[in-house]
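Chains A and B, in that order, give the protein sequences.
Counting with full-length UniProt numbering, you get residues 1 to 284 for the letters of the first sequence.
Counting with full-length UniProt numbering, you get residues 1 to 284 for the letters of the second sequence.
Just so you know, the hints here were simulated from the structure itself, not pulled from any lab data.
None of these values were measured; they are calculated from a predicted model.
Each residue gets a CB set at the ideal place from its N, CA and C atoms; glycine is no exception.
A few of these clues could be false.
[To be verified] One side of the interface only, derived from the structure: several residues of chain A facing chain B at Cβ under 8 Å:
# : residue
1 : Glu-113
2 : Tyr-122
3 : Leu-125
4 : Asn-127
5 : Met-129
[As the list claims (entries may be wrong)] What follows is a list of derived Cβ distance ranges for each label pair:
# : chain 1 : residue 1 : chain 2 : residue 2 : range
6 : A       : Gln-208   : B       : Thr-138   : 22 to 32 Å
7 : A       : Pro-160   : B       : Glu-115   : 23 to 33 Å
8 : A       : Arg-255   : B       : Asn-107   : 49 to 59 Å
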Amino acid sequence: MWRGGFLTMSLVTDAFVSQIAAVEPWPENATIYQPLKSEQVLLSDNASCLAVQAFLQMCNLPVLVVCRANAEYMSPSGKVPFIHVGNQVISELGPVVQFVKAKGHSLSNGLDEVQKAEMKAYMELVNNMLLTAELYIQWCDEATLEEITQPRYSSPYSWPLSSILVLKKKLEIKRKMKAIGWAGKKLEQVYEDVDQCCQALSQRLGTQPYFFNKQPTELDALVFGHLFTILTTQLTNDELQEKVKNYSNLVAFCRRIEQNYFEDHDRDSSSSSSLRLPRGPTLP
Amino acid sequence: MPHFCPICLLTCPLLSGRLPALKTRQDGVIFQTSKIITHLKKQKYNADYDLSAKQAADTLAFISLLEEKLLPALIHTFWVDAKNYVDHTRKWYAETIPFPLNFFIPNQMHKRHLERLQLIRGESWREDDETLEKQLYTDALECLTLLSQRLGTHRFFFGDSPASLDAYIFSHLALVLNVKLPSSRLQQHLRSLPNLCQYCASILTIYFTRDGETFPRLSPKSPTAESSDYEEEPNKRRNQILSVAVGLLAMVGYALLSGIVSIQRVSEDKAVELGLALEEDEED
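Required output: the full structure, derived from the provided sequences and hints.
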């Protein structure tokens, strides 16, 4: 049913969609769907979910978080998270940013053209290196696969199905790694890539509060989603975490966004119906 | 070797994961662009020597942008777009690959690239999926626009001297700009961005016109060109002879196997007897 809804939506021309979107204000009952927080979600999925939540929070748009075991199969693109706003369903950060922009909310309006190009480039850096590294560690490192990924990914399903789904996903990721030339990489090389990426992000951030000075952008939301998840997730060893912890300005950046956009709202979420982020582990 | 050697880097990144290759005295043959650049850096041939840490970070980010946004569309333009593939890429490859292989290798590559696109852009990709194709090109055109905005009125991406990022970007743009394809949306869009065209042209004239050489040919031999007839003559004759021979062999083989013609081996005196018998028959 969800997929059907997406297809009909995509048949309508872009201009038409944005027109409708602009007319309708942000509804009260906007919902974000993601996998079960405590027993199912994986590192990479959690990073993507947190990034979208952070982005909506930065735009000051209220959204209700709903955890579903089959969120991956509900999503029109097969990737989590996705938001359900009015009669539209949009998945992943990029399309969500465009959709929200059509509604008149944008974080990057204050940037000039060069800065916008740089912001997009850094977002692709995070997707290209951090996200791929997370997928590699989850699905291609045997120890992590056995101890963490397999039990978590198959948790909602009973035996024959759970093994089949894990195997299917594992093969898909392995083929993807092969296609982008990561299949021959060793775990150490992947950690090195993460380090290189973090170094680039750290250099770019410097001593500024956000990547483009005082106002957060979607890049900040994306970086926060990934780094915060890496910092707060216990894997088979601490190596990935240590790579990020080496850069003190990145850790401080994560703490800043957590304080500004998640802790305040937790406090008054009892009175208003704003984002209710399930309280995850906080930064050390 | 000069301080900056873009020739080593100018290779079509589409052709295969194993190209380009650099032959060195100490380390044998090195494959892939990134490994070659790392090797050259170790030998102190470094185009990024003057860059600040922030610029080095930008290099990484823009390379990711190219890989995530422009490369998939390039692969589509060359290998998946039906018209371009049949009229251009397959012909081009078939011309250069030796005789029996040229029937299989282009098709194999076509399949591999299609699979790669499917893996990059999600499982649901099919050859004729218009929505996804549209999204692919929207992303790529946006990427070109972003590059144009980032370049602005500068001569190179980091001011007045070229760096490795320029080699990366140039190798993609020059391909788009100079190739003659039946349908190329990327080329049309790139032509409308004058600063990028100017950028490509200036790099071409500075680094690729030594010894009266011109830019590597980026289109298949045109069938009307007179010289090509002479060049192809020996192969053409050989192929004709070979095909006639194969045809004859097949016919004879079929005739023998199906018993239309049968060969009998008989001894000499028997043959004489047979001959006599035949003569007698005739007399009768």
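Taking the hints in turn, this is what the structure says about them:
1. With a cut of 8 Å, the hint placing A/Glu-113 at the interface with chain B holds, because the nearest CB-to-CB distance is about 4 Å.
2. A distance limit of 8 Å between C-beta atoms decides the matter here; for A/Tyr-122 the minimum to chain B is near 5 Å, and the interface restraint holds.
3. Of the supplied interface hints, the one on A/Leu-125 holds, with its beta-carbon coming within about 4 Å of a beta-carbon of chain B, less than 8 Å.
4. About 6 Å separates the beta-carbon of A/Asn-127 from the nearest beta-carbon of chain B, less than 8 Å, and the hint is met.
5. Of the supplied interface hints, the one on A/Met-129 holds, with its beta-carbon coming within about 7 Å of a beta-carbon of chain B, less than 8 Å.
6. For A/Gln-208 and B/Thr-138, the Cβ-Cβ distance of about 31 Å falls inside the hinted range of 22 to 32 Å, so the restraint holds.
7. Remark: the range hint 23 to 33 Å for A/Pro-160 to B/Glu-115 is upheld by a beta-carbon distance near 28 Å.
8. At about 54 Å, the CB distance of A/Arg-255 to B/Asn-107 agrees with the hint of 49 to 59 Å.
Hint compliance for this structure: every hint is met.
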